[in-house]
Amino acid sequence: MSEAAGTVLLIGYGNPGRLDDGLGPALADAVEAMALPGVTVDADYQLTVEDATAVAAHDVVIFADATVLRDRPFSFRRIDPKAGLRFSSHSVEPEAVLALARQLFNATTIGYVLAIRGHAFNEFGEYLSEPAQVDLARALQFLTPLLKSRAFDAAAEACDDGLAANDASMNEDEPWKMENT
Amino acid sequence: MSTNGMKKITIEPVTRVEGHGKVTILLDEQNQVKQARLHIVEFRGFERFVQGRPYWEVPVLVERLCGICPVSHHLAAAKAMDWIVGGENLTPTAEKMRRLMHYGQMFQSHALHFFHLCSPDLLFGFDADVAIRNVIGVAAKYPALAVQGVMMRKYGQELIKATAGKKIHGTGAIPGGINKNLSIAERDGFLKDLDQMVEWSRSALKIAKDYTVAHLDTLASFGSFESSHLSLVRADGAMDLYHGNLKAIDAEGNSIFDQVDYQNYLDYIREEVRPWSYMKFPFITSLGPEKGWYRVGPLARLNTCTFIDTPEAEAARKEFMALTDGKPNNITMAYHWARMIELLHSIEKIKALLHDADLQGTDLVTKGNRRDEAVGLIEAPRGTLFHHYRVNKNDQIVMANLIVSTTNNNEPMNRAVELVARQHLSGVKITEGLLNRVEVAIRAYDPCLSCATHALGKMPLEMEILDAEGNVLDRKAR
Numbered sequence: 001m002s003e004a005a006g007t008v009l010l011i012g013y014g015n016p017g018r019l020d021d022g023l024g025p026a027l028a029d030a031v032e033a034m035a036l037p038g039v040t041v042d043a044d045y046q047l048t049v050e051d052a053t054a055v056a057a058h059d060v061v062i063f064a065d066a067t068v069l070r071d072r073p074f075s076f077r078r079i080d081p082k083a084g085l086r087f088s089s090h091s092v093e094p095e096a097v098l099a100l101a102r103q104l105f106n107a108t109t110i111g112y113v114l115a116i117r118g119h120a121f122n123e124f125g126e127y128l129s130e131p132a133q134v135d136l137a138r139a140l141q142f143l144t145p146l147l148k149s150r151a152f153d154a155a156a157e158a159c160d161d162g163l164a165a166n167d168a169s170m171n172e173d174e175p176w177k178m179e180n181t
Numbered sequence: 001m002s003t004n005g006m007k008k009i010t011i012e013p014v015t016r017v018e019g020h021g022k023v024t025i026l027l028d029e030q031n032q033v034k035q036a037r038l039h040i041v042e043f044r045g046f047e048r049f050v051q052g053r054p055y056w057e058v059p060v061l062v063e064r065l066c067g068i069c070p071v072s073h074h075l076a077a078a079k080a081m082d083w084i085v086g087g088e089n090l091t092p093t094a095e096k097m098r099r100l101m102h103y104g105q106m107f108q109s110h111a112l113h114f115f116h117l118c119s120p121d122l123l124f125g126f127d128a129d130v131a132i133r134n135v136i137g138v139a140a141k142y143p144a145l146a147v148q149g150v151m152m153r154k155y156g157q158e159l160i161k162a163t164a165g166k167k168i169h170g171t172g173a174i175p176g177g178i179n180k181n182l183s184i185a186e187r188d189g190f191l192k193d194l195d196q197m198v199e200w201s202r203s204a205l206k207i208a209k210d211y212t213v214a215h216l217d218t219l220a221s222f223g224s225f226e227s228s229h230l231s232l233v234r235a236d237g238a239m240d241l242y243h244g245n246l247k248a249i250d251a252e253g254n255s256i257f258d259q260v261d262y263q264n265y266l267d268y269i270r271e272e273v274r275p276w277s278y279m280k281f282p283f284i285t286s287l288g289p290e291k292g293w294y295r296v297g298p299l300a301r302l303n304t305c306t307f308i309d310t311p312e313a314e315a316a317r318k319e320f321m322a323l324t325d326g327k328p329n330n331i332t333m334a335y336h337w338a339r340m341i342e343l344l345h346s347i348e349k350i351k352a353l354l355h356d357a358d359l360q361g362t363d364l365v366t367k368g369n370r371r372d373e374a375v376g377l378i379e380a381p382r383g384t385l386f387h388h389y390r391v392n393k394n395d396q397i398v399m400a401n402l403i404v405s406t407t408n409n410n411e412p413m414n415r416a417v418e419l420v421a422r423q424h425l426s427g428v429k430i431t432e433g434l435l436n437r438v439e440v441a442i443r444a445y446d447p448c449l450s451c452a453t454h455a456l457g458k459m460p461l462e463m464e465i466l467d468a469e470g471n472v473l474d475r476k477a478r
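As given, the protein sequences belong to chains A and B, one line each in that order.
Going by this note's numbering, the first sequence opens with residue 1, and the numbers climb by one from there.
Going by this note's numbering, the second sequence opens with residue 1, and the numbers climb by one from there.
Bear in mind the hints are in silico, worked out from the structure with no lab data behind them.
Please note that the accuracy of each hint is not assured.
According to the in silico footprint, chain B covers these stretches of chain A (three or more CB under 8 Å from chain B) [as the list claims (entries may be wrong)]:
# : stretch
1 : 27 to 40
2 : 129 to 141
3 : 145 to 153
Negatives, chain A to chain B, calculated, CB over 12 Å [to be verified]:
# : residue
4 : Lys82
5 : Thr108
6 : Ile110
7 : Glu123
8 : Ala158
9 : Cys159
Predicted, not measured: the structure shown is a model, and the values here were computed from it.
Virtual Cβ for every residue (Gly too), placed ideally from N, Cα, C.
Throw the hints in and build the complete structure from the sequences for me.
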């Protein structure tokens, strides 16, 4: 597979000290180790306003985070810039970072969110739960070829249907274990 | 839910990173506010988690507590561990590197709060549509201002990275010192943008000051009340955000205590547990839980210090104190003005440090006689942060107690919410006006309900009104 043109920024965010909340940084570590051409990797506890400057300097940004939603191991979707409504948090949502990049720096960066299912959040500990490790591996298996082909939109479209079907083969008692593995 | 025939209105924000807070407003039978409470679900497991770990790991471990102010926890724990290893008298390079880290954090945190969280309220008004009353709205209408906020935040974050080593889980501060100095190249990189940062800080201060003065009639009573104030101050009474002794004053400015060695904080500060909240309520022991509560953070620090040792911030402090004829300023919304004075102070400090050759020194660590108990305090962006540890003979942590800044402001935030509810609740419906104002009052304290996890899919702000039987009468979500 030939490498596609364009620069990609992957931001994995979350707190690695709070179990599966560290899925984003864990994914970032794994991708960084691949040293893929044209792919810049960053990791942080959370997204904040200054991330807009780095986003603006790339053609594509992928925000990778843990999710509390449990219906699938991971999801991948394209996002539009928009304001996030916040109460007292200092963090901003991926859509808001994209909006800031566009508003302040005239960026045309295209954004995606890779949300990986987390299973355990409410303890301190710098490790991922066993099911989260499995979901992380599956997310990586999905993302790695994409970072080479750059066929992000097609993947986002396929992701919805494909992963829903994937879930159907999961063991209900131990959902992180696939029936065919 | 009801209590003696009273109705309860619930405002339940669940936000990313900051955790889970909830406001309940109890009404009496005449639908007047009887009581308001801010519930904060604070994760307390960390104090157990750290037990058994070697003491030298603690400054890095505690950064897991908080995505908002990991540097504050890092430095407070490091200061405690300095005491454990008898290395509290740091080398000049170590102390100045830590101070640079801390002022960098103060700078980025205050800038972020002002531009991202506070400025939409000030620029668009409390009643503006939430669809535009946010940082994107600011970016659309005031792009130059929004760029300033982003670049100031970035500058502070880069300072943290240069002094702590990395953005996540920095390792800069170690027991008895620091593990790196600042290279000439790093220093020159920061000097390049320094004047711009100073200029933007002046500009932000002017916005906060002008807004407060222009709206004083409204703001003076908005969620405001008389209170005691507590912070660290230097031995000569100056503001010192990194180190000092404890000072507390009452609402009139009279000393409650001064120059207290914080190793002895337990002789002066206690924590009360209340059954309805996970978060404790600290109080000054001599005044008791009823009267001993106090405020911390920028407003308290402006009130407790006798001067600021940087010229522009000192001039701004004098203006600030003149508003209340030199008496403590008890206006809740004046937190924003005070915060911007500290922003300017921080960049003045950063400027002085960057020109100090000690930052390129190589004497990084010192040690002395080992101790088995220690307290580390620091003035975090949101206020005084307490870390207290005991260590056994095997170098393992056997006890940890933390009082975070937001916990210190627990009672004041409750009072602010109650006052705003009394002033702005009409009927039993949650109006946008009430919701907005409760948010604004809490935001003035810049609370960091830090100990929650953060993941996509968590709920946004939610409000509920319940009748006497617990039925939901009204509900709003953001």
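Subject >> Whether chain B covers the stretch 145 to 153 of chain A (at least 3 residues having a Cβ closer than 8 Å to its Cβ atoms) >> reply: Not satisfied, violated; 0 residues make the cut.
Subject >> Glu123 (chain A) non-interfacial with respect to chain B [C-beta, more than 12 Å] >> reply: The claim is violated: Glu123 (chain A) sits with its nearest Cβ about 6 Å from chain B, within 12 Å.
Original post:
In terms of Cβ atoms, is chain B entirely out of 12 Å range of Thr108 (chain A)?
Top reply: At about 16 Å from chain B, Thr108 (chain A) clears the 12 Å cut-off, so the statement holds.
Original post:
Hey, does Cys159 (chain A) actually stay past 12 Å from chain B on C-beta?
Top reply: holds, 15 Å
**OP:** Could you check that no beta carbon of chain B comes within 12 Å of the beta carbon of Ala158 (chain A)?
**Re:** Since the minimum Cβ distance to chain B is about 20 Å, Ala158 (chain A) lies beyond 12 Å and the statement holds.
Original post:
Regarding the assertion that Lys82 (chain A) does not contact chain B, is the least Cβ-Cβ distance greater than 12 Å?
Top reply: violated, 7 Å
Original post:
Per the stated criterion, does the least C-beta distance between Ile110 (chain A) and chain B lie above 12 Å, as a non-interface residue requires?
Top reply: Label holds. Min Cβ-Cβ 18 Å, cutoff 12 Å.
Subject >> Three-residue Cβ test at 8 Å for the coverage of the stretch 27 to 40 of chain A by chain B >> reply: n = 0 at 8 Å, threshold three: violated.
Subject >> Verdict on chain B covering the stretch 129 to 141 of chain A, criterion of 3 CB contacts below 8 Å >> reply: With 0 residues closer than 8 Å to chain B, the stretch 129 to 141 of chain A misses the three-residue bar; violated.
Hint violations for this structure: numbers 1, 2, 3, 4 and 7, all remaining hints satisfied.
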